[in-house]
Amino acid sequence: MLNYILKRFTMMLITLFIIITATFFLMQAIPGGPFSFDRVLPPSVKEALEAKYNLDKPVIEQYFDYLLGIIHFDFGPSYVYFGQTVNEMMADGWPASAKLAGAATILIILLGLPMGIMAALYRNKPADRITMVISTVGVVVPSFVMATFLLYFFSIKVELLPTFGVESYKGYILPAVCLAIGPVCGIARLARSSMLDTLSQDYMRTAESKGLSRSRIIMVHGLRNSLIPVTTSLGMIFAALLSGTFVIEKIFAVPGLGRYFVFSITNRDYTAVMGLTILSSAIMVVAVFIIDMIYLFIDPRIKLYEN
Amino acid sequence: MIGIQHEQLVKDWTPLPQEDKYAETTTGITLSYWQDVRRRLFRNKVAVASIFVIIMIMLASIFGPLLTGKSYDAQQLALRNMPPRIEIQTAKDGTNFYVHPDLKVFLAEDNGYVREELAPLSANLSDKMFIFEHNGNLYYLSFSSDGLKYLDEDQQPLPQRKTTWNKNYLLGTDSIGRDMLTRLLYGGRISLLVAFIVTISTMLIGVIYGGISGYYGGNTDILMMRVVEILMAIPSIIYIILLMVYLGQGVYNILIALALTSWLGMAQLVRGQVLGLKEQEFVLAAKSVGISPFKIILNHLLPNSIGPIIVSATLSIPGAIAGEAFMSFIGLGVRPPMPSWGILSNEGINAIRTSPYQILLPSIAISLTMFAFNFLGDGLRDALDPKLRV
Chain A
1 MLNYILKRFT MMLITLFIII TATFFLMQAI PGGPFSFDRV LPPSVKEALE
51 AKYNLDKPVI EQYFDYLLGI IHFDFGPSYV YFGQTVNEMM ADGWPASAKL
101 AGAATILIIL LGLPMGIMAA LYRNKPADRI TMVISTVGVV VPSFVMATFL
151 LYFFSIKVEL LPTFGVESYK GYILPAVCLA IGPVCGIARL ARSSMLDTLS
201 QDYMRTAESK GLSRSRIIMV HGLRNSLIPV TTSLGMIFAA LLSGTFVIEK
251 IFAVPGLGRY FVFSITNRDY TAVMGLTILS SAIMVVAVFI IDMIYLFIDP
301 RIKLYEN
Chain B
1 MIGIQHEQLV KDWTPLPQED KYAETTTGIT LSYWQDVRRR LFRNKVAVAS
51 IFVIIMIMLA SIFGPLLTGK SYDAQQLALR NMPPRIEIQT AKDGTNFYVH
101 PDLKVFLAED NGYVREELAP LSANLSDKMF IFEHNGNLYY LSFSSDGLKY
151 LDEDQQPLPQ RKTTWNKNYL LGTDSIGRDM LTRLLYGGRI SLLVAFIVTI
201 STMLIGVIYG GISGYYGGNT DILMMRVVEI LMAIPSIIYI ILLMVYLGQG
251 VYNILIALAL TSWLGMAQLV RGQVLGLKEQ EFVLAAKSVG ISPFKIILNH
301 LLPNSIGPII VSATLSIPGA IAGEAFMSFI GLGVRPPMPS WGILSNEGIN
351 AIRTSPYQIL LPSIAISLTM FAFNFLGDGL RDALDPKLRV
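These protein sequences, in sequence, are chains A and B. Per our numbering, the first sequence runs over residues 1 to 307. Per our numbering, the second sequence runs over residues 1 to 390.
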């Protein structure tokens with residue numbers, strides 16, 4: 001078991017290292033430095049700027065400086081907004097994004113799993129059919145397209161919810177729903193098929209013939225086993241949440257990390273792009289690591305295989 | 001005696017009619033694997049409908065932009081933000097007007113053609129109205145808090161009003177007066193082109209990489225699959241964004257970025273297939289007569305695993321469409337003024353309140369295409385391997 005955890009942990013570190021390295025050198029390779037504006041700077045000013053940000057050093061030295069900075073959680077200054085550091089941007093965008101992602105995660109757990117399990121238990125009944133139709137729509141339609149439809153109906157046709165901004169809790173409802181809708185439907189479909197699979201297993205019949213109550217069979221024997229494939233796909237769900245935040249925050253003008261990311265891309269703010277890329281990949285990679293650990297508890301067989 | 005028996009027999013046993021000749025045969029018409037797949041696919045109504053929709057969308061994107069008679073980047077600033085449905089108001093003297101929500105008044109025709117814009121004669125800002133003059137008659141455009149009203153000289157609403165299709169621009173115009181229909185169709189061209197090319201390159205890279213990895217096995221396989229695993233751990237959207245920032249905007253660049261990031265799943269799939277097949281006797285036979293590994297993979301292993309590859313490719317088309325749309329939407333995809341469905345969504349989202357059709361049209365196009373390809377992919381999967389059906 002320790003072996004398994006160590007292996008996953010090393011894997012996580014290697015992935016992070018590769019991401020940081022690839023990000024750094026890709027950004028270095030972009031033609032034109034951070035100070036090649038439309039308006040050409042006088043050479044002396046440019047030299048001074050480059051000296052200030054250590055850009056006159058050899059690339060390899062800059063790379064190690066950057067690595068060292070990241071270990072201390074220092075992502076350097078922004079090259080577009082002078083006087084602002086990337087850390088400040090992150091600190092600024094963090095709360096809104098966290099609230100949004102948190103709300104979406106709660107929705108995913110509270111809606112996705114029960115929807116899928118209900119659909120499996122009432123297989124081929126109207127409840128199942130309706131769930132499947134809804135979840136197909138939710139899985140197929142991309143999050144930003146879904147967001148435009150929901151925005152149009154709930155904010156413009158019905159005027160129930162604000163179109164943008166997060167001044168009150170109401171502002172979070174639509175973005176969180178749009179962010180969660182794809183993952184909710186994905187989880188519901190997965191939970192349904194995996195629950196159906198579990199229900200047809202022999203041990204379920206054994207449990208039934210032992211005279212256990214139906215709720216105990218489903219909650220104890222069914223749920224835990226059917227959660228295994230669902231847990232595996234949580235990584236994909238996190239990826240969907242992550243890419244969702246970029247567009248959802250842009251559409252609903254939520255002042256979060258995703259919007260900063262899109263802004264820094266359009267403004268060609270390279271240090272900010274680098275920092276936010278690394279931060280979001282790190283969140284993602286750590287999430288996958290945590291999922292692997294959860295997996296260990298849900299599926300004890302892993303311990304056996306690893307030994 | 002014998003004669004009687006024979007006659008009796010003839011009476012009891014009459015020959016069967018010709019069409020019942022094969023009634024006792026238990027085998028039906030023999031179908032090859034692919035004939036069987038086709039039969040199962042065409043029996044699936046949703047899949048057939050999807051094929052129909054896909055063909056329609058493709059024909060519309062290929063030939064549509066040629067038929068609209070407009071170009072995707074020609075601007076008509078005077079006629080910007082024209083909705084697809086317009087309300088024509090007719091005055092007492094028979095003049096037709098179209099009142100645009102941006103406080104503009106156009107001369108129009110009864111059948112839905114919008115002509116030139118009327119310049120206001122004067123503005124009465126204290127009463128919140130513009131005064132227009134046409135053919136010696138005065139008209140008032142009042143924009144007070146209880147809505148936009150167009151009144152004639154007697155301060156009465158015009159007697160006749162009817163809603164009709166915008167004949168100049170069937171689906172309206174965008175915020176700088178470009179024809180939405182042409183842009184939508186041309187955008188479909190770009191989006192579908194990106195999707196198909198990305199899928200084909202995904203297949204090529206995935207098949208070569210997965211084929212080599214699976215066929216050679218051993219350390220080669222471990223190394224190659226470790227690389228795939230690590231790349232898979234990085235959220236693909238992150239490195240598509242990085243690649244796009246590096247390459248810059250443009251159709252070719254989005255092709256490269258998407259193709260470079262979407263082959264991982266295909267490689268794993270092909271490797272799994274090849275791994276399962278390579279121990280079989282026909283591969284051994286091929287090896288023993290000295291066929292090169294490349295030819296074994298190409299001629300023996302791939303044809304036997306083509307089913308899952310086709311399904312996976314079909315299902316990756318909507319992924320590529322969504323990927324392109326996503327990148328264009330956050331400003332990293334196709335370079336304007338070239339339209340793609342993502343670009344159109346990006347441009348339309350700002351006008352969602354005033355001109356909702358600008359965002360709804362590309363959204364509908366994206367959703368429809370995504371549905372069609374997903375349902376076709378599901379149908380193909382069921383048809384190719386009925387056992388897989390969940």
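The hints are simulated quantities; they were obtained by calculation from the structure and are not laboratory data. Treat the hints with care, as some may be off.
[Said to hold, decoys possible] From the structure, some residues in chain B lie toward chain A, with a derived Cβ separation under 8 Å: (1) 101; (2) 228; (3) 230; (4) 234; (5) 237; (6) 294; (7) 298; (8) 331; (9) 366; (10) 367.
[Unchecked claim] Computed list of lysine-lysine pairs in DSS-like fashion (alpha-carbon distance at most 25 Å, straight line): (11) A:99 <-> A:46; (12) B:162 <-> B:149; (13) A:157 <-> B:104; (14) A:157 <-> B:149; (15) B:104 <-> B:162; (16) B:278 <-> B:295; (17) A:157 <-> B:295; (18) B:104 <-> B:92; (19) B:104 <-> B:149; (20) B:45 <-> A:125; (21) B:92 <-> B:149; (22) A:46 <-> A:57.
Backbone N, C-alpha and C fix where the C-beta goes; we use that ideal spot for every residue, glycine too.
Check your understanding: Which hints from the list above does the structure break, by number from lowest to highest?
Key -> 1, 2, 6, 7, 11, 17
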